[in-house]
Every structure is written in structure tokens, then in C-alpha cells.
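Trainee: Quick mapping for you: the protein sequence lines, in order, are chains A and B.
Per this note's numbering, the first sequence starts with residue 1, numbered consecutively.
Per this note's numbering, the second sequence starts with residue 1, numbered consecutively.
Honestly, the hints are just simulated from the structure, not real lab data.
Positions of the beta carbon are idealized from the N, C-alpha and C atoms, including for glycine.
Check each hint, because a few of them may be wrong.
[To be verified] In silico DSSO-like links for lysine-lysine, alpha-carbon gap of 30 Å or less:
id: 1; chain 1: B; residue 1: 118; chain 2: A; residue 2: 118
id: 2; chain 1: A; residue 1: 48; chain 2: B; residue 2: 118
id: 3; chain 1: A; residue 1: 118; chain 2: B; residue 2: 48
[Claimed, not checked] Over 10 Å on every C-beta distance to chain A, these chain B residues come out as not near it, computed from the model:
id: 4; residue: 17
id: 5; residue: 107
id: 6; residue: 114
There are 2 protein chains.
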Amino acid sequence: MTTPPLHPALGPLAFLLGEWAGTGAGSYPTDIRDFRYHEEVRFWHRGKPVLLYTQRTVDLDDGAPLHAEMGFWRPQPDDRVEVVISHPTGHAEVSAGSVVDGRVELATTAVTATGTAKEVTAVERTFTVAGDELAYELRMAAVGRPMTHHLAATLRRA
Amino acid sequence: MTTPPLHPALGPLAFLLGEWAGTGAGSYPTDIRDFRYHEEVRFWHRGKPVLLYTQRTVDLDDGAPLHAEMGFWRPQPDDRVEVVISHPTGHAEVSAGSVVDGRVELATTAVTATGTAKEVTAVERTFTVAGDELAYELRMAAVGRPMTHHLAATLRRA
Numbered sequence: 001m002t003t004p005p006l007h008p009a010l011g012p013l014a015f016l017l018g019e020w021a022g023t024g025a026g027s028y029p030t031d032i033r034d035f036r037y038h039e040e041v042r043f044w045h046r047g048k049p050v051l052l053y054t055q056r057t058v059d060l061d062d063g064a065p066l067h068a069e070m071g072f073w074r075p076q077p078d079d080r081v082e083v084v085i086s087h088p089t090g091h092a093e094v095s096a097g098s099v100v101d102g103r104v105e106l107a108t109t110a111v112t113a114t115g116t117a118k119e120v121t122a123v124e125r126t127f128t129v130a131g132d133e134l135a136y137e138l139r140m141a142a143v144g145r146p147m148t149h150h151l152a153a154t155l156r157r158a
Numbered sequence: 001m002t003t004p005p006l007h008p009a010l011g012p013l014a015f016l017l018g019e020w021a022g023t024g025a026g027s028y029p030t031d032i033r034d035f036r037y038h039e040e041v042r043f044w045h046r047g048k049p050v051l052l053y054t055q056r057t058v059d060l061d062d063g064a065p066l067h068a069e070m071g072f073w074r075p076q077p078d079d080r081v082e083v084v085i086s087h088p089t090g091h092a093e094v095s096a097g098s099v100v101d102g103r104v105e106l107a108t109t110a111v112t113a114t115g116t117a118k119e120v121t122a123v124e125r126t127f128t129v130a131g132d133e134l135a136y137e138l139r140m141a142a143v144g145r146p147m148t149h150h151l152a153a154t155l156r157r158a
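For reference, chain A alone in the conformation it holds in the complex (with noise of 0.2 Å):
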């Protein structure tokens, strides 16, 4: 399975494209504890108009796993794009939101949860991408706090 001609719909999303590892760090307004990850993101395709995107983390200090995600980027007309994303935590994540110079900007529209699933209401996504280094910030409404900031990272093409 060779990776076929990118498809021209991928154009404004191509920039994601590749393998992506740094550091992040992660904290919320509730007993859980700041803490520092290591991240490792992958962006790919199949030669079809949708990305699949992977990224798994461990803890930045001793090395056990902590979160992964494993989803599909689909890219709209008028720099659109839609993304779902799963979560081992049970959460299904459903996003649309703007792809522009570089820069998305993501807000869910559905968030679903399996029947043991804490609660997550809503999730905001901004990523950016300048050169060989990929930014990204995560806002959450979750557990009956309001949006609020969770998660930033900074990765490098790796």
C-alpha cells in the first residue's frame, strides 16, 4: 500500500502533512494536577480528500501513557474543514471550523460519550503552523466548568 498523489481537496490542509513530536503541557479547573507531556502527532493520507490524523502522549517525567486520539480531517469549501476525533476516554468529537494561512481554528458541534464517559460538553481547537513547528492550544466545557484552557503544545517536524 504505496501512499498515491495527494488529492487537490487536501491543497489547504497539506501544510499538517507529516510527522510532528514536542512537548505540551495540560491543566484544568478541577483536582486534577498541571502536568507536562510528550507529544508525537501524524498527519497522513490515502490519496482520498481526508486526512487521518493520530497522535498519542506520554508523561513527560516517566514516561507512561497518558492520552491518544485517532481521527479523520475532512476538508470543505470557503476554507472549511470538518474533523471527527475519537478519544480512549469515550468521547466522540465532532468539529468544524476555518482553515486559513496556516491557522485552524476548530469548535465542536456534537460531542458523544459512551455510558461511563465524564462529561464533555464542547471542546475549541486552534492550531498554527509556521515552518517546521506546529502550535496548538484546546479549550474544554467539561465536568460543569464553562470553556476553559486545558491543553498547549508546541511540536517539530520530526
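Put chain B on the given structure of chain A with help from the hints.
Mentor: Structure of chain B alone, referenced to chain A:
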């Protein structure tokens, strides 16, 4: 990032672990043609009580990429499991079901979708593992059709 020991909670799902490959066939009572596909499935873990799941298919005749899925399987007490799967079609499939004697039966508790995705109302899946063979069937209610057979495949441990 080496693989840590299997989390005890994953014991009941351990028969799924590994890489699987084989062929399948699809049909649906819309205007799509019946189709056959080659499929690769991978179940793995990172030491936490969740299975990571990816699959991809290509056309059996010309090798063209068809579908892909990525998600997480969360074992629960009393032979239950929760599953979250992202689709490149813009759908997020959130399911619950049972795991008994190498057989998994799943039914969606929610299907959410991006704005441009086709209507999918519900999905049912059955996985059966016997030795090195994994067989599955997928039924779907979509675009106005009732719950109907859509996919079946038989894979072998790769």
C-alpha cells in the same frame, strides 16, 4: 515507546489483539454496486485499560483505497464493552455491547456526523474470533433504509 504489560481489564478482549488481514464483501440496498475488498485490521494497547483499533480497506480488484476506521474499545464489568470509532465519512460511532466466548456484539448508542456526512442512523457489528480467524458482520440503518446487512469479512492473523 515500548509496549507495557497488558492491563488486567483488557483480559476479556485480549483475543482481539494483533494484526489481521483478509477479504470482505459489501452491499447495501441503495444504488451502490456490491463490492469486494482487502482489509487490514490492527488491535493494540499501551498498558492502559483500552484497546486501540484501526482498519483500512482497498478495492480487491484495483487496490484503490476505500474505507478506514480508527477508534478505541473500552472493556467494562460484566462482559460489557464500549466502543468509539471515527470514520472518514464524517461519522462518529459510539457503541456498547457484550463480549462472551470470543464473540463481540455491538450496537450504536449514538451516531453523530459532520454537516456534509450522509445520514447514518444506527450500526450493529458482530465480531467472532476462533483461533487465528476473525470474522465480522456489520449491519447499518442509513439514508432511510432500515437495519440491513452491509459488510462481512473473514480475516486471519497476519
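Trainee: Work down the list of hints and note, for each, if the structure agrees.
Mentor: To see whether the hints hold, each was checked on the structure:
1. B:118 - A:118: Cα-Cα ~28 Å, so holds.
2. A:48 - B:118: holds (17 Å)
3. A:118 - B:48: Answer holds: residue 118 of chain A to residue 48 of chain B is near 17 Å, not above 30 Å.
4. 17: holds (16 Å)
5. 107: Non-interface label on residue 107 of chain B holds, nearest chain A Cβ at 12 Å vs cutoff 10 Å.
6. 114: violated (4 Å)
Hint compliance for this structure: hint 6 alone is broken.
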